[in-house]
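Residue numbers (the working numbering), protein chains in the order written: chain U, 1 to 344; chain R, 1 to 359.
Mixed in with the good hints there might be a few duds.
With a straight-line cut-off of 25 Å between C-alpha atoms, the simulated SDA-like cross-links for lysine to any residue are [what the hints assert, rightly or not]:
| hint | chain 1 | residue 1 | chain 2 | residue 2 |
| --- | --- | --- | --- | --- |
| 1 | U | Lys323 | R | Lys45 |
| 2 | R | Lys45 | U | Tyr191 |
| 3 | U | Lys81 | R | Ser252 |
| 4 | U | Lys81 | R | Pro143 |
| 5 | U | Lys34 | R | Lys45 |
| 6 | U | Lys323 | U | Val160 |
| 7 | U | Lys34 | R | Trp219 |
| 8 | U | Lys182 | R | Phe325 |
| 9 | U | Lys81 | R | Pro88 |
| 10 | R | Lys19 | R | Ser4 |
| 11 | R | Lys61 | U | Gln61 |
| 12 | R | Lys61 | U | Asp313 |
| 13 | U | Lys182 | R | Asn223 |
| 14 | R | Lys61 | U | Val160 |
| 15 | R | Lys61 | U | Ser78 |
| 16 | U | Lys34 | R | Ser147 |
| 17 | U | Lys182 | R | Leu332 |
The set of hints was computed from the structure by calculation and includes no laboratory data. Quantities reported herein were computed from a predicted structural model and do not represent experimental measurements.
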Amino acid sequence: MLTKLMKLATVASLAFATATSAQAQDEGVLGEIKARDSLLCTGHNGSYLGFAEVDAQGEWQGFDIEMCRALATAILGSPDKAQIIPISWAQRFPAIQSGDIDVIIKVTGWTMTRDTELGLQYSRPYFIGPFYVMSRSDLGAQSISDLDGGVFCVNAGTTVERVLADYMETNGIEYQPLAFEKGEELRAALYAGRCDAIAGFGPFLSSTRVNAPNPDDFTIIGDVIKLEPEGIVVRQGEDDFLDVINWMVTALLLAEENGITSENVDEIKANPPSATVERLLGVTPGVGTRLGLQDDWAYNVIKTVGNYGQIYDRTIGDGSRYKLPRGLNNLWNNGGLLYPLVLD
Amino acid sequence: MTTSVVPPVPKRGFGYWLKKHFFSTWLNSVITVLFGALLIWMCVKLSNWAIFDAIWTVDNKEHCGHGAGACWAVIQDRGRLILFGLYPYEEQWRSTLACLIVILTIGLSCLPSLWSIKKLPTLWVIGFGAFVLLMRGGFAGLPLVTSEQWGGLSLTIFIFSAVFVLGMPLAVVFALARRSSLPVIAKGTGLFIDLVRSLPLLTILFAAAVVVPLLVPDWLEGNKLGRVVVAFAVFFAVYQAEIIRAGLQSTSQGQNEAAAALGMPYWSLVVDILLPQAFRNTLPSTINQAVITFKETSIVTIIGFFEVMASGNAAIGGGEWTEQFVEVYVFLALVYFVFVFGLSRYGAWLENRMRVGHA
Chain U
1 MLTKLMKLAT
11 VASLAFATAT
21 SAQAQDEGVL
31 GEIKARDSLL
41 CTGHNGSYLG
51 FAEVDAQGEW
61 QGFDIEMCRA
71 LATAILGSPD
81 KAQIIPISWA
91 QRFPAIQSGD
101 IDVIIKVTGW
111 TMTRDTELGL
121 QYSRPYFIGP
131 FYVMSRSDLG
141 AQSISDLDGG
151 VFCVNAGTTV
161 ERVLADYMET
171 NGIEYQPLAF
181 EKGEELRAAL
191 YAGRCDAIAG
201 FGPFLSSTRV
211 NAPNPDDFTI
221 IGDVIKLEPE
231 GIVVRQGEDD
241 FLDVINWMVT
251 ALLLAEENGI
261 TSENVDEIKA
271 NPPSATVERL
281 LGVTPGVGTR
291 LGLQDDWAYN
301 VIKTVGNYGQ
311 IYDRTIGDGS
321 RYKLPRGLNN
331 LWNNGGLLYP
341 LVLD
Chain R
1 MTTSVVPPVP
11 KRGFGYWLKK
21 HFFSTWLNSV
31 ITVLFGALLI
41 WMCVKLSNWA
51 IFDAIWTVDN
61 KEHCGHGAGA
71 CWAVIQDRGR
81 LILFGLYPYE
91 EQWRSTLACL
101 IVILTIGLSC
111 LPSLWSIKKL
121 PTLWVIGFGA
131 FVLLMRGGFA
141 GLPLVTSEQW
151 GGLSLTIFIF
161 SAVFVLGMPL
171 AVVFALARRS
181 SLPVIAKGTG
191 LFIDLVRSLP
201 LLTILFAAAV
211 VVPLLVPDWL
221 EGNKLGRVVV
231 AFAVFFAVYQ
241 AEIIRAGLQS
251 TSQGQNEAAA
261 ALGMPYWSLV
271 VDILLPQAFR
281 NTLPSTINQA
291 VITFKETSIV
301 TIIGFFEVMA
311 SGNAAIGGGE
321 WTEQFVEVYV
331 FLALVYFVFV
341 FGLSRYGAWL
351 ENRMRVGHA
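Bound-form chain R, shown alone (with noise of 0.2 Å):
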């Protein structure tokens, strides 16, 4: 005797998905129902915190902080303060055309058909020298405004693009040079860089403001904002160059040795071969690096520079918005946040784009 089985019917749909993934059996739709009704509670409390009872404008002041909304007029007060910190109020164009500009070059520097090595170092020097010469000013009827006075959002942006362009070759430098056959060059790099990483940076920023223009002639000083970059660099180099370095030894050593057979100079064969490899074999722990140095900039505060978070205390730290720290803080995690997905978003990008061909 045959049975005749009927074929299963292909289940579609939104009902049956939501009975797949969510009601499947009646424990866990006991959870979906709470943990949503949860959820819609939570939603419903955040935005009427964050909309509906927020008071907006500064004419409104007085209800704040009085079990009401959000007192989203704290940003409306102080927000030119916590994007641009101690910048002359009148010159702040400047600061947003130069901020702009960082981010532009940020952007076009991840287009894959600027990466050369002629195109690359130009587009950042272009777009670094455009915009110190911007926030300085002191030509053109512009009025000379010294680093001291940098600040606020300009000022993160500027310390982590300075920090990753000028770190991320010495990186590559002390990642080769840790590789070197020459034993002084290599255990004298290898050093170097485990002294480097056992201190901590506030030490090493702390040292680079204050301590080094005590032992260096004056016409070596430099201004402090540039000290402290330099060792933020040197800083952030110690470490990338030990993820680059991990990225060159996944490479197989058969390549080396080809290369060599091929009579490739040394040059081309880091260059062309091995870094290549490298960096993309390490895209994740860079991105997570870069990720990490982007919040590290706050850290500056404590030597006196007013970057986005610094000045996010001051703007609360006067009295007459005391009260409003949570709105202030939530407005800081929304900028850093924008920043920091973006990068991670390009990260995830940049690796499937690297993968074409790369099974």
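For reference, chain U alone in the conformation it holds in the complex (with noise of 0.2 Å):
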């Protein structure tokens, strides 16, 4: 009873945004999972381009969906053990005060007011939000700087009208905005030719393209006018679990680094190139137990689920119909933003 009381106080500070610090005392999130033999994981109340989306099956699908997958192989064993709660933007923080669901992972940026004031706790970044600018491609534009003097459509209100004004301005490069009240009629206008350009988030522009009469009339420009870090959130004081969550990520950075994909994975295992992957793969001890977990966990992910870069080519980049450039979601050796932690 006292522990449902203390979380009632962060929903109550949630709700009412005041500057209690309240700290849920319900630990070992990860015993509860374990026990249940399930990850309760976010999902959303409808599709969200390209991170959770349902398929004519019903199932779902995305690249939240997948590092959801990932963490329920790494804990349990296999991918079917997350179950997939449907939760919208609004839902998502008191569900996972009450124990609706054990994590969010759903395009959640880490903002200070989330991290302090709502008792929440992120990992690292697990991927970076991108705003982008696309442009036709018969302009034949190369960066930002390429459309200076072309005519912007963004939507009337949102934060990319004020981010993009703010990038333009930083950067000297003049630019005629044409607002619309929908993102109906801003394809409309795009597909129109009334647009040199639009800007937003990476995966509406690349649905925007992909439905275009003719996609290849229009480029995503790598350059970010705008990033968002998106993390994993857990309640505040579950460090073990974070922990697990934590070196999920890096497992799956790891084997991008190192090249071990779902399909080779058993031959690397096989020979270990290195002992960082030795130790990744469980093939010398220690990567499980000082989580709590089984020592080939990591095997595990990576055999069932894939790395990095495969989760985000199935999903949002090459291998989906999303076709987003990797951009600062690539690893720090090819020009992104993403690190794996060291294992050791």
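Build the complex from these two chains, which are given one at a time in their own frames, with help from the hints.
In structure tokens:
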């Protein structure tokens, strides 16, 4: 009962945005997950482009869903142990406090308010949420500065409008904004050639491009105008669980860095090229017990879900219909911002 | 001198009717022609879009959305998602069957021959029991499907009928309690009704889904769908209670006194005399409330239930069919229309039937 009240206090502080830093005392979500033998993870109340969508069979797909599956595999050994709970944007924070879900993996930006006042804790960013510009291919623009003086279509009154204005001002690029009330109007204007370019969140631009009469008429330019680091969210005080999440993300990145994919993981496990890979795949013990998991957890994740690059390609990258460039979500040695932690 | 007046020739026929209603003056003629032309033009456009230029199958998907007609391929491809939500694909026959059972139950309970204190509740217990058992499974080789995975049209119909069936008796209790001669009960109920009515439905459902688990002990928590249905039913009941109260007030006080003089017990007075009149007098408002409730079920999407509207949004939210939102919304509108129109026609039929003998 006491813990219930503590949780309620957290939700109340959330609802009224007071500055109390309530802490959920319910320790050991990791233990609960193991006892339940399923991981309760966030879905969406509908489909959210590329991250959590429902296919024709009613199955969940997408980048965030794959992350849920990877986490379920790490803890419980099978991606099927991830139970996706449909949840709206507004519901995600109360739902994690009330225990409806164990973890939020739902393109959730790491902000100070959420981190401090809501009694939540973030993992290291697993995705860098990019705002891009997409232009008409026939303009041949390589960067946003090539579009100097062009007509930029934006959604009226959105973050994108402001973010674009900031970027253009900072970089001294002249442009002519053309605002539309609705996404549909914006798309129609773009397809009709009224805009030289549009700005927006990566997956939105990609789906706009893919649904164009001729997708090749439009190109997403690599310049990021603004980014939002997205983290995986747990309740405050779930340190063990957070460790598992951070090392799960590292395992995905480390696998990509070392060229380990779901196809070749067995070969590499038989002939590990380096001590790090030996540790990662559980050839030398230790990677599991220190987290309270099986020693082959990382092997299972890579075998069933794949490495970071594979997940990205399959859900929002080249292998998907969105064809979102890797950009900042590439590894550090490929011009991106992502890097694995040191596995020693 | 007498003049003989020719008796007026009774004017009949289509031509006369047309002239009388549409071409009686030159102005009316102009208006008729103009609007007739507009109507025909719109019908042609609409049927071209919806039928003749439409793309019906997924095989022709590449022609979709390029200024041609409607792309009904999206319904072919995502229809099952819209109708069944997240319900496991192989088990969707269960959802269909469960949905039909509830529709049958609703249909049967519309038959006046089944209206009795014993028959109606029995019918609903059987109907709902069958629905829940089929949807949930977990016995006789049917895999367990938890209520988080229920969705689509079956969920919409389940929520609506559960709210109606739970809410209606509750509304009667509230209405009677508010008219109670005991001031504590009357004032208390009045306060409760006004309190609930002053809160938005969304807040109540959100609280039921998210806040209640924090307040009550685990054994009382129940499942989320159950909590939401109960909260929704209470919300429905407070509105319906006021409608029933209006009906009760429309019966004359003399009937109460006559019943009392005859020594009828209170229960009999309510069941045999007051409620039948109250329901008959307030039928239009009750149907109104039912229609509103049916459409309001789509609010549960905000607490993560995949009812038919949310499933429709899921179908177009995936990138592949983003441009076909109009087709999906038209389809959803048709689904809602079938049910709401059916409900309205049933109300009209009932009103007609009840008026027999009550001029």
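Right, here's what the structure says about each hint:
At roughly 36 Å between alpha-carbon atoms, Lys323/U and Lys45/R are farther apart than 25 Å, so this suggested pair is violated. For the proposed pair Lys45/R and Tyr191/U, the alpha carbon gap of about 23 Å is at most 25 Å, so the pair holds. At most 25 Å may separate the alpha-carbon atoms for a hinted pair to count; Lys81/U and Ser252/R exceed this at roughly 64 Å. Simply put, Lys81/U and Pro143/R have alpha-carbon atoms about 16 Å apart, close enough for the 25 Å limit, and the pair holds.
Our distance criterion of 25 Å between C-alpha atoms is broken by Lys34/U and Lys45/R, whose separation comes to about 60 Å. Proposed proximity of Lys323/U and Val160/U is supported: the alpha carbons are some 21 Å apart, at most 25 Å. Distance restraint check for Lys34/U and Trp219/R: the Cα-Cα separation of roughly 21 Å lies within the 25 Å cut-off, and the hinted pair is therefore satisfied. Between Lys182/U and Phe325/R, the direct Cα distance comes to roughly 13 Å. Compliance with the 25 Å bound is thereby established for this hinted pair.
This hinted pair checks out: Lys81/U and Pro88/R have alpha carbons roughly 15 Å apart, not beyond 25 Å. Simply put, Lys19/R and Ser4/R have alpha-carbon atoms about 28 Å apart, too far for the 25 Å limit, and the pair is violated. Under the criterion of a C-alpha separation no larger than 25 Å, the hint pairing Lys61/R with Gln61/U is consistent with the structure, at around 21 Å. A distance of roughly 24 Å separates the Cα atoms of Lys61/R and Asp313/U; the hinted pair therefore holds under the 25 Å criterion.
Taking the CA atoms of Lys182/U and Asn223/R, the gap is near 38 Å; set against the 25 Å cutoff, the hint is violated. As the CA atoms of Lys61/R and Val160/U are separated by approximately 32 Å, the hinted pair breaks the 25 Å bound. A hinted pair counts as satisfied when its Cα atoms are at most 25 Å apart, and Lys61/R with Ser78/U does not qualify at roughly 36 Å. Between Lys34/U and Ser147/R, the direct Cα distance comes to roughly 22 Å. Compliance with the 25 Å bound is thereby established for this hinted pair.
Pair hint Lys182/U plus Leu332/R holds up; C-alpha atoms about 21 Å apart against a cutoff of 25 Å.
Hints 1, 3, 5, 10, 13, 14 and 15 from the list above are not met by this structure, while the remaining hints are.
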